[in-house]
Amino acid sequence: MKLMDKLQILADSAKYDVSCSSSGSSRSNRPGGVGNASLPGICHSWADDGRCISLLKVLFTNVCIYDCKYCVNRSSNDVRRASFTPDELCELTIQFYRRNYIEGLFLSSAVIRSPDYTMELMIKALRKLRHEYRFNGYIHIKSIPGADMRLVHEAGSLADRMSINIELPSVSGLKLLAPQKDPASILEPMGYVRERIMESRELVLYKKPQPFVPAGQSTQLIVGATRDSDLKILTLTEHLYRRYQLKRVYYSAYVPVNDDRNLPSVNTSPPLLREHRIYQADWLLRFYGFKAGELLDEGHPNLDTHLDPKCDWALRHLDQFPVEINKAPLEMLLRVPGIGYRMAAKIIRARRVGPLGFEDLKRMRVVLKRARYFITCNGRYYGGIDLDSGLLYQLLSDKTDSKVMAGQISMFG
Amino acid sequence: MVYVTDGSFEGILTAVFEAFRNREDPEEITLGGDFQLSMTAGIREISTDTEKSDRVWRGVESKISKESLENLYMAYLSEHPRVGLYIYRYIKLGLNIGRKVEGYLQHPDVHAIYDLSRRVGSEAHLFLGILRFKKLRNGVFYACYEPDNNITQLITDHFASRLSDQAWIIHDRKRDILALFNGEEVIFTSGFPGIDHEDCEGEYEELWKRYFSAIAIESRKNPRLQRSFMPRRYWRHLPEKQL
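Residue numbers (the working numbering), protein chains in the order written: chain Z, 1 to 413; chain P, 1001 to 1243.
It cannot be assumed that every hint is accurate.
What the hints assert, rightly or not - Computed cross-link-like contacts, DSSO-like style, restricted to lysine-lysine with a CA-CA straight-line distance of at most 27 Å:
{"id": "1", "chain 1": "P", "residue 1": "Lys1066", "chain 2": "P", "residue 2": "Lys1052"}
{"id": "2", "chain 1": "Z", "residue 1": "Lys291", "chain 2": "Z", "residue 2": "Lys327"}
{"id": "3", "chain 1": "P", "residue 1": "Lys1092", "chain 2": "Z", "residue 2": "Lys362"}
{"id": "4", "chain 1": "P", "residue 1": "Lys1063", "chain 2": "P", "residue 2": "Lys1052"}
{"id": "5", "chain 1": "P", "residue 1": "Lys1100", "chain 2": "Z", "residue 2": "Lys362"}
{"id": "6", "chain 1": "P", "residue 1": "Lys1209", "chain 2": "P", "residue 2": "Lys1174"}
{"id": "7", "chain 1": "Z", "residue 1": "Lys124", "chain 2": "Z", "residue 2": "Lys181"}
{"id": "8", "chain 1": "Z", "residue 1": "Lys181", "chain 2": "Z", "residue 2": "Lys69"}
{"id": "9", "chain 1": "P", "residue 1": "Lys1066", "chain 2": "P", "residue 2": "Lys1100"}
{"id": "10", "chain 1": "P", "residue 1": "Lys1221", "chain 2": "P", "residue 2": "Lys1209"}
{"id": "11", "chain 1": "Z", "residue 1": "Lys2", "chain 2": "P", "residue 2": "Lys1063"}
{"id": "12", "chain 1": "Z", "residue 1": "Lys175", "chain 2": "Z", "residue 2": "Lys128"}
{"id": "13", "chain 1": "Z", "residue 1": "Lys124", "chain 2": "Z", "residue 2": "Lys2"}
{"id": "14", "chain 1": "Z", "residue 1": "Lys232", "chain 2": "Z", "residue 2": "Lys247"}
{"id": "15", "chain 1": "Z", "residue 1": "Lys2", "chain 2": "P", "residue 2": "Lys1209"}
{"id": "16", "chain 1": "Z", "residue 1": "Lys69", "chain 2": "P", "residue 2": "Lys1221"}
{"id": "17", "chain 1": "Z", "residue 1": "Lys69", "chain 2": "Z", "residue 2": "Lys175"}
{"id": "18", "chain 1": "P", "residue 1": "Lys1174", "chain 2": "P", "residue 2": "Lys1221"}
{"id": "19", "chain 1": "Z", "residue 1": "Lys128", "chain 2": "P", "residue 2": "Lys1209"}
{"id": "20", "chain 1": "P", "residue 1": "Lys1221", "chain 2": "Z", "residue 2": "Lys327"}
{"id": "21", "chain 1": "P", "residue 1": "Lys1092", "chain 2": "P", "residue 2": "Lys1066"}
Quick caveat, the hints were computed from the structure, so don't treat them as lab data.
Model the full structure from these sequences, guided by the hints.
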């Protein structure tokens, strides 16, 4: 088979993996080597679906022994199958890298023969890429559930980031749609990787560092293949950030690829807006000091699709508003709908020099469309409505959904 | 008064020096001789003098801050027609209130500098990603682009350390600026006509195009989102956007 055809097949079957981040690592180049890793990450293009392309994201092979119902590569599907040779993969990566198409390689795979066998093939390719081709750019490797920890360890010392996809947010979902996968085989390596990362950081203190996935680990959850609520998803997310110290949890609106009575029909369109809301909530957990329990609870288990989750929270906590823009601490500014991290920092910087009026905010290009209802400037309120009047829901809800379809916001990786 | 400079950063700083010495507030500080004549304002030709510009440079560094100097220079690279005036007013204010000026974002001139320098910085970051090299028959890698801002000098270090074992050329065709890397150092020059398509090998470009189309999810197509990250004006130098 020609390389062009392999690339077509193995990129096409890797595309449902959302992550493409290249951040969190700062590997430097070596004499005679190719590449380095940039700490904030770099996007190299944006595909027609608007998602950032940072890495060459391919499967090593799409030949699979499993028959997971949601997956396009399930063994019972009649699709074209292909595998790279290690050299083909190395050459593609290096040549793309030299032309500045990519930041590095994202290598995943279907499970061929056994998890261990698959993992060994992937490691062999990575070893070649790092040592023979002297590649110092970014590598993200997908760990294969069920592989031996010794292999997980070896893969982790070659890669910058490692991920293990949870895919289905609940054990019941997993039993229903991926009966051959054992839930423990996902969480066990996650715990293992976390410990190795901690260990390698401690080692740095007193001897030559042995890097182990310096950019941390991430995972992916499918949204909309099962009946799990947003509350369930966000609670799991919060747990993953805390317990396993994941760098990112990615969400993927389920794109129906197979007919199965346990799945949404193939004519269903992917729940993009729901995915977008979950990303917004994820952002609130990571950067804005919110807890999952503040955003959702049993009586309110799903995010409002018409409101962004911060507005939704604010509407249920009107007693905390309006806040005075010249006095509010950073934590509270960050809770004002419409004020993002960058704007909050700008406000704090400027108000140290002098008090800020409403016109000053405009001049500083603070977006006031939503924020105006929730703030005062020097004690004056410019929202023009009574906060308790019940008008806010109407004023704040999104009229159009199209502009907000950012599947993956690349700025913070 | 309209101060006419040669458009260099030193030229603008010389103009700043002259404005202080003449105790006058210029209405305009031009970037080069191409400007709108005003009926009322007189013209002062500024001849660039590095002794004068050095004094302003050091003054900004010591009496305001190094960060301010960097932001002023970044803003200068935007080539915005009013940037000379913003720089003058920023310095004047900064000499008055010190390094506090950096945070004085409610002030229109300070915000203008902040805004322009950020615009330059983000375009430079974008091109770390979307600059594309073609491999020429002679083995040299050649990248041609037309950025909004004059960012070539901001991106060469990145490529010199990343692609340190290949010879490359970065060509800003709009400004006729050429950065050459020979494996050791970056040399800036100009006067380059460009490269014919026949001089480039195309094998990996074809593979890249195929990859680009295979990785998009059809049912999530979103051209508006794509354009918001990667504006159409940059497409002509992106092989993946050529049909």
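* Asked: In ascending order, which of the hints set out earlier in this document are inconsistent with the structure?
  -> Going through the list in order, the structure violates hints 11, 12, 18, 20 and respects the others.
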